[in-house]
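2 protein chains.
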Amino acid sequence: MPPQTLSIRGTPLAGGRLPAVCAPLVARTTAELVTETRAVASKKPDLLEWRVDFFSAISDTAQVLAAAAAIRDAAAGTPILFTRRAQREGGQPIALDEPQVLAMYEAVIASGCVDLVDYEMDNDANLLARVRELARARKLPLVLSFHDFQRTPSTEQLSARFAQAQSLGADVAKVAVMPQSMDDVHRLLGATLKASESLPIPVISMAMGGLGAVSRVCGGVFGSALTFAVGAAASAPGQMPIEDVQAAIAVLRRATSG
Amino acid sequence: MPPQTLSIRGTPLAGGRLPAVCAPLVARTTAELVTETRAVASKKPDLLEWRVDFFSAISDTAQVLAAAAAIRDAAAGTPILFTRRAQREGGQPIALDEPQVLAMYEAVIASGCVDLVDYEMDNDANLLARVRELARARKLPLVLSFHDFQRTPSTEQLSARFAQAQSLGADVAKVAVMPQSMDDVHRLLGATLKASESLPIPVISMAMGGLGAVSRVCGGVFGSALTFAVGAAASAPGQMPIEDVQAAIAVLRRATSG
Numbered sequence: 034m035p036p037q038t039l040s041i042r043g044t045p046l047a048g049g050r051l052p053a054v055c056a057p058l059v060a061r062t063t064a065e066l067v068t069e070t071r072a073v074a075s076k077k078p079d080l081l082e083w084r085v086d087f088f089s090a091i092s093d094t095a096q097v098l099a100a101a102a103a104i105r106d107a108a109a110g111t112p113i114l115f116t117r118r119a120q121r122e123g124g125q126p127i128a129l130d131e132p133q134v135l136a137m138y139e140a141v142i143a144s145g146c147v148d149l150v151d152y153e154m155d156n157d158a159n160l161l162a163r164v165r166e167l168a169r170a171r172k173l174p175l176v177l178s179f180h181d182f183q184r185t186p187s188t189e190q191l192s193a194r195f196a197q198a199q200s201l202g203a204d205v206a207k208v209a210v211m212p213q214s215m216d217d218v219h220r221l222l223g224a225t226l227k228a229s230e231s232l233p234i235p236v237i238s239m240a241m242g243g244l245g246a247v248s249r250v251c252g253g254v255f256g257s258a259l260t261f262a263v264g265a266a267a268s269a270p271g272q273m274p275i276e277d278v279q280a281a282i283a284v285l286r287r288a289t290s291g
Numbered sequence: 034m035p036p037q038t039l040s041i042r043g044t045p046l047a048g049g050r051l052p053a054v055c056a057p058l059v060a061r062t063t064a065e066l067v068t069e070t071r072a073v074a075s076k077k078p079d080l081l082e083w084r085v086d087f088f089s090a091i092s093d094t095a096q097v098l099a100a101a102a103a104i105r106d107a108a109a110g111t112p113i114l115f116t117r118r119a120q121r122e123g124g125q126p127i128a129l130d131e132p133q134v135l136a137m138y139e140a141v142i143a144s145g146c147v148d149l150v151d152y153e154m155d156n157d158a159n160l161l162a163r164v165r166e167l168a169r170a171r172k173l174p175l176v177l178s179f180h181d182f183q184r185t186p187s188t189e190q191l192s193a194r195f196a197q198a199q200s201l202g203a204d205v206a207k208v209a210v211m212p213q214s215m216d217d218v219h220r221l222l223g224a225t226l227k228a229s230e231s232l233p234i235p236v237i238s239m240a241m242g243g244l245g246a247v248s249r250v251c252g253g254v255f256g257s258a259l260t261f262a263v264g265a266a267a268s269a270p271g272q273m274p275i276e277d278v279q280a281a282i283a284v285l286r287r288a289t290s291g
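Chains as they are written, first to last, in this note's numbering: chain A, 34 to 291; chain B, 34 to 291.
Treat the hints as calculated values from the structure; they're not laboratory data.
For every residue, glycine included, the Cβ atom is placed at its ideal position computed from N, Cα and C.
Do not take every clue at face value.
To be clear about the criterion: a stretch of chain A counts as covered by chain B if any three or more of its residues have a C-beta under 8 Å from a C-beta of chain B, and this derived list gives those stretches [claimed, not checked]:
hint, segment
1, 95-107
2, 132-139
3, 173-183
Straight-line alpha carbon distances no greater than 35 Å define the calculated DSBU-like cross-link-like pairs of lysine-lysine that follow [to be verified]:
hint, chain 1, residue 1, chain 2, residue 2
4, A, Lys77, B, Lys76
5, B, Lys76, B, Lys227
6, A, Lys172, A, Lys76
7, A, Lys172, A, Lys227
8, A, Lys227, A, Lys76
9, B, Lys77, A, Lys77
10, B, Lys77, A, Lys76
11, A, Lys227, A, Lys77
12, B, Lys172, A, Lys227
13, B, Lys172, B, Lys227
14, B, Lys227, B, Lys77
15, B, Lys172, B, Lys76
16, A, Lys76, B, Lys172
Example chain B residues on the side facing chain A (calculated, C-beta under 10 Å, incomplete) [claimed, not checked]:
hint, residue
17, Leu160
18, Val254
19, Gln272
20, Ala281
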């Protein structure tokens, strides 16, 4: 089957073409987030990802909700992916335990200020089921993600990660790895292609770092529904300026539609 | 080992970065070739390929030599790859038999008006040996090429083609295929990566057509030393405008050097 694209309330991102472009928001205060969101949204990403683990007041749910509302307003209609990246998968250290994280997710999902939610597929199964239930109740697509900042798992393991996300009830499967060689990058693209052709949900992948840069530009051609690019500040190694990613994707689109 | 780059008389093309960009010249008359060469050279390709099988006076060696000299002059220093593409590998029909083609190669090589020579690796072994001898005598790098305009051979066959070129004495191995699926494109890139890491000569590859466009932008990252792009007119399906290819390659270079 053809690769699936990401949709928000029935509207496909990026006009249904792969990949959509997502820019992270990583400011530490609400005021800085507003400034960052305005600056980044003006660069026309298809999606914004609020990385709440960078937010200094993450332990105060009222402040998190105020920030979510402020971002929603500053985003001027650009949809928002809400993500607390776990420290063991490359996120910032936070003072919350996992049940407290769940309470924050519940409040933010209920606020109506975000459009998609990301949660790591390796989290406790009961907590994961709860996030899935919260997202479904509000009809927010759930991204179940896996990140390896050290290496690239075997091709079989990569395929298993995409399938695992789907079997856990994900609406979108995301796999991010650190390549040690171009062969690792090639395998990641191959596993992405295979998953995008065999799974009924959109898949997202990237090889991080300089070696993996090609995956951020060309991943869409191999079935990745989303690529992350820098609007104001990077959230992971190897992210490229959004203007560069948009330009290179436009080149590939012109070539493949011609 | 790291992938090899193309060099002309000891000077690496594109500053030794992969891929260099080659624009074809396909005009039918000397006057039109001069106009085409000037227009294309102004777009700063690293290399020009004169596809002599498009030249209407190909049967008249004196006219071929005059055209070669005119192109050399109009190229304003851009190096020139000389290619008669055989009809069975996607070239134009010509009135010369293969020994006559060899005589033309000999005259053009002796003229000093070209810098590299391409010849199909599937040509008669004795004729191929003669082209190799002529090129070596003038110290011109020899590209031995293989093209499949219908399909993409198996991964093993692709690897064998790169190795065959090297075993036949090529200074550069070129493999161009037509993909029927993105998996074909992925396999071509994988075989290119492997060949570029294992062979002592530069390798060139591309997947043609719209499906293969990604290989013309990203092939260099997977070890291809050269990509073909359109200056004035295309010589094969899927070639993209040189401005687009240069822009996308620049994006990837910025990302990988950062």
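So, going through the hints one by one against the coordinates:
1. Counting residues of the segment 95-107 of chain A whose beta-carbon sits less than 8 Å from any beta-carbon of chain B gives 0, not enough to reach three: the coverage restraint is violated.
2. With a threshold of 8 Å between beta carbons, the proposed coverage of the segment 132-139 of chain A by chain B is violated, since 0 of its residues qualify and at least three are required.
3. Residue count for the segment 173-183 of chain A with a Cβ under 8 Å from a Cβ of chain B: 0. That is fewer than the three needed, and the coverage hint is violated.
4. At roughly 30 Å between alpha-carbon atoms, lysine 77 of chain A and lysine 76 of chain B fall within 35 Å of each other, so this suggested pair holds.
5. Proposed proximity of lysine 76 of chain B and lysine 227 of chain B is supported: the alpha carbons are some 32 Å apart, at most 35 Å.
6. About 27 Å separates the Cα atoms of lysine 172 of chain A and lysine 76 of chain A, which keeps this hinted pair within 35 Å; it holds.
7. Taking the CA atoms of lysine 172 of chain A and lysine 227 of chain A, the gap is about 27 Å. The hint holds against a cut of 35 Å.
8. For the hint linking lysine 227 of chain A to lysine 76 of chain A, the alpha-carbon distance of about 32 Å falls within 35 Å, and the restraint holds.
9. Restraint check for lysine 77 of chain B and lysine 77 of chain A: satisfied, since their Cα atoms lie roughly 31 Å apart, inside the 35 Å limit.
10. At most 35 Å may separate the alpha-carbon atoms for a hinted pair to count; lysine 77 of chain B and lysine 76 of chain A meet this at roughly 30 Å.
11. This hinted pair checks out: lysine 227 of chain A and lysine 77 of chain A have alpha carbons roughly 30 Å apart, not beyond 35 Å.
12. Distance hint between lysine 172 of chain B and lysine 227 of chain A is unfulfilled; the C-alpha atoms sit about 46 Å from each other, more than 35 Å.
13. Proximity of lysine 172 of chain B to lysine 227 of chain B is assessed by CA-CA distance (about 27 Å); at most 35 Å being required, the pair is judged to hold.
14. Restraint check for lysine 227 of chain B and lysine 77 of chain B: satisfied, since their Cα atoms lie roughly 30 Å apart, inside the 35 Å limit.
15. Between lysine 172 of chain B and lysine 76 of chain B the alpha-carbon distance is near 28 Å, which keeps this suggested pair within the 35 Å criterion.
16. The straight-line distance between the Cα atoms of lysine 76 of chain A and lysine 172 of chain B is roughly 51 Å, outside the 35 Å bound, and the hint therefore fails.
17. Interface restraint check: leucine 160 of chain B against chain A, minimum CB-CB distance 36 Å, threshold 10 Å, status violated.
18. Against a cut-off of 10 Å between C-beta atoms, the interface hint on valine 254 of chain B holds, since the closest Cβ of chain A lies about 4 Å away.
19. Taking 10 Å as the C-beta contact cut-off toward chain A, the hint placing glutamine 272 of chain B at the interface holds, the least distance being around 9 Å.
20. A least Cβ separation of about 5 Å between alanine 281 of chain B and chain A falls short of the 10 Å threshold, and the interface hint therefore holds.
Violated hints for the displayed structure, listed by number in ascending order: 1, 2, 3, 12, 16, 17.
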